[in-house]
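Since the structure of chain A is already known, use the hints to place chain B on it.
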Amino acid sequence: MTEQVNRWLSTRRLALLLGAAAFLWFLTVAGLTVLRYKSNLSSTYDFGIFSQMFYYMDQTWQPLTTCERDGLLSHFAVHVSPVFYTLLPLYKIVPSPATLLVLQAFLVISGILPLCLICKRSGLSNLATLVWGLIYCTYPALAGGCFYDFHENKFLTVLILWTMYLIEIKRYHIMMIFSLLILFVKEDAPVYAACIGLYLAFGKKEYRWGAGLFLLSCAYFCFVIWYLNTYGNGAMVNRFDNFISDKELGLISIFKTLLVNPAYVLTQIAAKDKIIFFLQMALPLGLLPFLSRRWTQWILLIPFLLINLMSNYTYQHSIYFQYTYGSAAFLFYLSVTNYKELKAENKSILLPSALIGSVLIFYTALEPKMIYLETYAKQRDIIMEADRLLEEIPQDASVKSTTLFVPKLSAREEIYLISSEHETEYVVIDLRSGHEKYAAEMILDFSQAGYSTVDKIDGYLIIMKK
Amino acid sequence: MKKTNGFWSKLWDDRYLFFALAVASWLMTNAFFLLASKAPVFTLAFVAQISLPRYLILWAVLFACLSLLSFRPKRLFYTYIPVLFSAFFYVTAILVKEMVLV
Numbered sequence: 002m003t004e005q006v007n008r009w010l011s012t013r014r015l016a017l018l019l020g021a022a023a024f025l026w027f028l029t030v031a032g033l034t035v036l037r038y039k040s041n042l043s044s045t046y047d048f049g050i051f052s053q054m055f056y057y058m059d060q061t062w063q064p065l066t067t068c069e070r071d072g073l074l075s076h077f078a079v080h081v082s083p084v085f086y087t088l089l090p091l092y093k094i095v096p097s098p099a100t101l102l103v104l105q106a107f108l109v110i111s112g113i114l115p116l117c118l119i120c121k122r123s124g125l126s127n128l129a130t131l132v133w134g135l136i137y138c139t140y141p142a143l144a145g146g147c148f149y150d151f152h153e154n155k156f157l158t159v160l161i162l163w164t165m166y167l168i169e170i171k172r173y174h175i176m177m178i179f180s181l182l183i184l185f186v187k188e189d190a191p192v193y194a195a196c197i198g199l200y201l202a203f204g205k206k207e208y209r210w211g212a213g214l215f216l217l218s219c220a221y222f223c224f225v226i227w228y229l230n231t232y233g234n235g236a237m238v239n240r241f242d243n244f245i246s247d248k249e250l251g252l253i254s255i256f257k258t259l260l261v262n263p264a265y266v267l268t269q270i271a272a273k274d275k276i277i278f279f280l281q282m283a284l285p286l287g288l289l290p291f292l293s294r295r296w297t298q299w300i301l302l303i304p305f306l307l308i309n310l311m312s313n314y315t316y317q318h319s320i321y322f323q324y325t326y327g328s329a330a331f332l333f334y335l336s337v338t339n340y341k342e343l344k345a346e347n348k349s350i351l352l353p354s355a356l357i358g359s360v361l362i363f364y365t366a367l368e369p370k371m372i373y374l375e376t377y378a379k380q381r382d383i384i385m386e387a388d389r390l391l392e393e394i395p396q397d398a399s400v401k402s403t404t405l406f407v408p409k410l411s412a413r414e415e416i417y418l419i420s421s422e423h424e425t426e427y428v429v430i431d432l433r434s435g436h437e438k439y440a441a442e443m444i445l446d447f448s449q450a451g452y453s454t455v456d457k458i459d460g461y462l463i464i465m466k467k
Numbered sequence: 006m007k008k009t010n011g012f013w014s015k016l017w018d019d020r021y022l023f024f025a026l027a028v029a030s031w032l033m034t035n036a037f038f039l040l041a042s043k044a045p046v047f048t049l050a051f052v053a054q055i056s057l058p059r060y061l062i063l064w065a066v067l068f069a070c071l072s073l074l075s076f077r078p079k080r081l082f083y084t085y086i087p088v089l090f091s092a093f094f095y096v097t098a099i100l101v102k103e104m105v106l107v
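Protein chains in written order, with my numbering: chain A, 2 to 467; chain B, 6 to 107.
The set of hints was computed from the structure by calculation and includes no laboratory data. All C-beta atoms, glycine included, are put in the ideal place defined by N, C-alpha and C. Hints may contain errors.
Straight-line distance between alpha carbons at most 25 Å, and here's what the computed SDA-like set of lysine to any residue pairs gives [unchecked claim]:
#  : chain 1 : residue 1 : chain 2 : residue 2
1  : A       : Lys257    : B       : Leu49
2  : A       : Lys348    : A       : Met2
3  : A       : Lys248    : B       : Met104
4  : A       : Lys379    : A       : Leu432
5  : B       : Lys43     : A       : Leu259
6  : A       : Lys273    : B       : Leu49
7  : B       : Lys43     : A       : Thr268
8  : B       : Lys43     : A       : Ile253
9  : A       : Lys248    : B       : Cys70
10 : A       : Lys257    : B       : Ser56
Output of the computed footprint for chain B on chain A, the stretches with three or more beta carbons under 8 Å from beta carbons of chain B [said to hold, decoys possible]:
#  : region
11 : 73-87
12 : 241-252
Looking at chain A on its own, in the form it has when it is part of the complex (with noise of 0.2 Å):
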């Protein structure tokens, strides 16, 4: 059976089909993550932040938001991600907070043609690759980060993966430029690009390239965490906090942690939901990220470990949100890698199991995101309504607004946060039931402080202004 599969599954049948799923996969979440924005069901942190900065970014050339730390600053300031100028040149094109969910689908998906290209250079057979594929546009957590709208890990799996291929092809000069891409998506990100350092150095036995890339990795955390500590609002260590006994040693301080006190580490790692996230992040992988006695496997599983499951910080290990991007990479590329090395008998049993599973947990977690459809469907008119009236706000008014209704207005250059110590020409407040608790409470204030009501839809938004 196996055998016919393989003689009809052509190179080319093998592109079309994997072409479809992920055409497939790339049309179900650019749209539900558009139509959960165009809902107005997408929140400031971080939606509204990004939508902001793009448009900053559009007509000045530089990241600022007003809505991140209320007040004008720069987003660099506090997440250095000069990776985000790649994509302006499309942004500018159609110059919309959908455009960024759209491109950001697109660069999730992409990864699956550095994937597909590991199998074939791991002599894995055509069958072996669509299921590799397959189980990539199924794994829960690539898709499920994209319902928390946009954000800058999302460029790690597409640039890991190919970083890893060219490894694999021996292209470390163009290696390097992609490893230079992933130190720019944000200013943790070296500890990925430290751990192919070290991968190439003792797993492939490249002494001077590894080096190299550890060594980079290590000196531009080094600059950017002085620069965040500089010029910004300081590096976001708390993510870490249960790991840092003394203040002052800052993530030295870690480190130290895991030297004296490795039973305390376990108890931190081996929590309930990091149990839960362990088995949602490996078990559509069959668990064979895990599957190696060589040890430099183990190397690339240190980010997983060390961003994922050591953190307290609840959604750094959740497939949810944008934290597990850099690590799937690390995951896929290590499940490849470990499975060509496994005996016939066992690929046969672990690839099926992995697909099933990643097929599984991938409709009990992403189904219920199909209530943006289903919620867009039955409030078109009432969107498209409150769309109008948020139209009819001069772009150069300043703005104050509840957080779903942030994104929408972000095209301006002064858009605060409801709770805002600026005065503003405009308020909008969310009337929708179980979205702001104090919206009365709030009308009253606002009333109060001189501002009067433009336009309202009962039950859905209020505009005042003064």
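For chain B alone, kept in the frame of chain A given last:
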């Protein structure tokens, strides 16, 4: 001098044992600090009260002792024995600390 070179080159040649001894001495160091400390084990307070220079010195001493025992002409250990022993020692130290002393 020649003897020292021979010792270190032998150590480097047997990298798995080198690594195993590093892990074993690390676990032993932790076990010693655990038993000597008054702070509860599963807390950051335990980490905070440890002096890193003292910790590193003890680790180096234990590593040197284990290396000398392992790299005598007639080798005393197989690679995994020091690791198993020190892991057992560390777990016992945690149990003693958590169940008996607290």
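How the hints compare with the structure:
{"no.": "1", "hint": "Lys257/A <-> Leu49/B", "in the structure": "10 Å, holds"}
{"no.": "2", "hint": "Lys348/A <-> Met2/A", "in the structure": "15 Å, holds"}
{"no.": "3", "hint": "Lys248/A <-> Met104/B", "in the structure": "30 Å, violated"}
{"no.": "4", "hint": "Lys379/A <-> Leu432/A", "in the structure": "17 Å, holds"}
{"no.": "5", "hint": "Lys43/B <-> Leu259/A", "in the structure": "19 Å, holds"}
{"no.": "6", "hint": "Lys273/A <-> Leu49/B", "in the structure": "21 Å, holds"}
{"no.": "7", "hint": "Lys43/B <-> Thr268/A", "in the structure": "19 Å, holds"}
{"no.": "8", "hint": "Lys43/B <-> Ile253/A", "in the structure": "24 Å, holds"}
{"no.": "9", "hint": "Lys248/A <-> Cys70/B", "in the structure": "35 Å, violated"}
{"no.": "10", "hint": "Lys257/A <-> Ser56/B", "in the structure": "10 Å, holds"}
{"no.": "11", "hint": "73-87", "in the structure": "violated (count 0)"}
{"no.": "12", "hint": "241-252", "in the structure": "holds (count 5)"}
In terms of the numbered hints stated before, the structure departs from hints 3, 9, 11, listed from lowest to highest.
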